[in-house]
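The residues making up each chain are set out below.
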Amino acid sequence: METKPVNFKNLSREESYGYDRKTLDYIRNAAAHGLYEIRGMGAKRKLPNFDDLVFLGASMSRYPLEGYREKCITKTLLGTRFAKKPIELDIPITIAGMSFGALSANVKESLGLAATALGTSTTTGDGGMTQEERRSSKTLIYQCLPSRYGFNPDDLRKADAIEVVIGQGAKPGGGGMLLGQKVNPRVAKMRTLPEGVDQRSACRHPDWTGPDDLAIKIQELREITDWEKPIYVKVGATRTFNDVKLAVHSGADVVVVDGMQGGTAATQTCFIEHVGIPTLAAVRQAVNALEDLDMKGKVQLIVSGGIRTGADVAKALAMGADAVAIGQGVLVALGCNGETYFQNGAHHDAIADYNALGTAPGFCHHCHTGKCPVGITTQDAILEQRLSPEVGAKHLKNYIKTLNMELTTIARACGKQNVHHLEPEDLVALTIEAAAMAGVPLAGTNWIPGKGF
Amino acid sequence: MERLTFDLAAQPLRELNTFLHTGAKEGKVGHVTVLNPDGAHNIAVGLDCPIEVEVVGHAGYYAGGMNKSATVTITGSAGTGVAENMMSGKVHVKGFASNGAGASAHGGLLVIEGDAGLRCGISLKGGNIVVGGSVGSFSAFMAQAGRMVICGDAGDALGDSLYEAVLYVKGKVKSLGADAQYEEMTEADIAAVASLLDQAGLDHDPKAFRRIASQRSLYHWNADANQEY
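Sequence lines, in order, name chains A and B.
Residue 338 in the numbering used here sits at position 338 of the first sequence, with consecutive numbering throughout.
Residue 95 in the numbering used here sits at position 95 of the second sequence, with consecutive numbering throughout.
Just so you know, these hints were derived from the structure itself, not from any lab.
Some clues are possibly wrong.
[What the hints assert, rightly or not] With a straight-line cut-off of 25 Å between C-alpha atoms, the simulated BS3-like cross-links for lysine-lysine are: (1) A:Lys84 to A:Lys138; (2) A:Lys22 to A:Lys46; (3) A:Lys138 to A:Lys85; (4) A:Lys85 to B:Lys25; (5) B:Lys68 to A:Lys189; (6) A:Lys138 to A:Lys158; (7) A:Lys401 to A:Lys138; (8) B:Lys94 to B:Lys172; (9) B:Lys170 to B:Lys207; (10) B:Lys25 to B:Lys68; (11) A:Lys158 to B:Lys68; (12) A:Lys84 to A:Lys401; (13) A:Lys158 to B:Lys25; (14) A:Lys158 to A:Lys84; (15) A:Lys84 to B:Lys170.
Could you put the whole structure together from the sequences, leaning on the hints where they help?
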């Protein structure tokens, strides 16, 4: 968008930088409705991200591996600190926690089928574990959330690992919400709520209030499951250096750090765009915290929030993550924001349904309405039929497989036989901001802002 | 049925809990006595069979947490989160209970003969709680289902943001929370209170209680309310 006058004749048409059309729309919308905008997906604003980093492939000083022939290990172990049965995954790419409620039962099943075929894990969400999900997903991480909707010891014992959710990147410090149109009879029953209420998920856990309490809470979860299952602690990225240290102090086996690009099914836009720090900055702080405690490699780090490509995965791993979790990318692979949906052997146009929501393919963030035109973020009996578990699983499998191939391609080019051998020294930054946040030098220099020359 | 004693002064907690999860399920032992708890956390958590456990003394955090089917009695006082997320069975505290007692309990009965601290019955999801004494502020916060009988007084913001849980209070209420209101006691309410008092072994006149439930004005977003409920 051109914001400066092209010449003096157009001065009377100069758009204000501070009061551009987007801001005017926002003010008019607020004035008309008296209510903030609630929407799905993650931050839309431009943020420093993994695209601002590049790899230093092998050349004279490093020796590369043959791209297709030579072995490159992707096996990933999570939860080795205290758990008797750590999680062993074939790839370092996991499926992020997304609730049944936000997503349809079909989608949850798609995730499980694809993850099982790929040798990775899926994660429950607010609202508990569905039987479809447990059946389809070989490795299922069970979230313990502030709301405790549907939380119960039987499912806890069925889980392969437990994730205590403190917050998420889209809204650190905020609880959840699920608007009434998605609280159908099954969702309502699982959450012990009246049907159709605009449901609020608590922002604080009901039975502990700080890291010292959390240590006891984690011990309780371990005692209940006889110290078998790894315990993850998930935090939204804010004061990440301190939060990761406190999570480790509390006894976490694995820390999950979700940056501000992380998605949501329904949150205030002001929250999505203005609270939290970018994933790039959070990874560096999280790794620094683990290194500071001499816990790197003992407590594993999972990074999420805006991981889209194999290059993103490789960069997160190089910065020190042990694995990544993907939410929005997964939904897009299933058909989110696509022009068509695939049902009964044929593609069907969904554009009219996007238009009815006031949006279009490529821009849709209307997960909160429950009227997902491609049948993903819905509890509607007709819409949810637009995605079959098998078709969804096939696309998701292809997507994650592609990411994994890209990851190993980059790792081999950097001379690594194991993707976990990627290191910060393999990276440089293209912008000063990214260099400062990621703690890697600006390309072509030895300069890491904040660390002198 | 056999009786077994664990002495936490001599045996680690993990041994007790592991027995309660595995050995107890064989059904030979009907009663376990826990000696010298000395405020240890996570005593008798995650039980999954109809065994009786008596903790002789004071328990720390989360005693009887996530209980299913078992009956856990604590002769002393209990720390934070006693019987949190209980599914069924009974947890009986003879003394006092700290914060978050019975938090998010889906079922079962929690009896506290003395007073309970802050946020008693927070996020209650179908369990029943009977408190012989008083409860602290923000009790029954966001409680979704189930009942709480409070024989003493209640602190500030009782029943804030209630869903379908119902509260009965005999004593003074310092203040009600957002969206909570007093309602008429029906015959069914009096019978429910009488039954819960009976199960708890507490002697009070059920007609002396007042009923508190949700106004349901927070069930849907309302822009005109300016979030000042």
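Right, here's what the structure says about each hint:
no., hint, in the structure
1, A:Lys84 to A:Lys138, "18 Å, holds"
2, A:Lys22 to A:Lys46, "15 Å, holds"
3, A:Lys138 to A:Lys85, "14 Å, holds"
4, A:Lys85 to B:Lys25, "23 Å, holds"
5, B:Lys68 to A:Lys189, "20 Å, holds"
6, A:Lys138 to A:Lys158, "11 Å, holds"
7, A:Lys401 to A:Lys138, "17 Å, holds"
8, B:Lys94 to B:Lys172, "23 Å, holds"
9, B:Lys170 to B:Lys207, "9 Å, holds"
10, B:Lys25 to B:Lys68, "12 Å, holds"
11, A:Lys158 to B:Lys68, "15 Å, holds"
12, A:Lys84 to A:Lys401, "29 Å, violated"
13, A:Lys158 to B:Lys25, "17 Å, holds"
14, A:Lys158 to A:Lys84, "15 Å, holds"
15, A:Lys84 to B:Lys170, "49 Å, violated"
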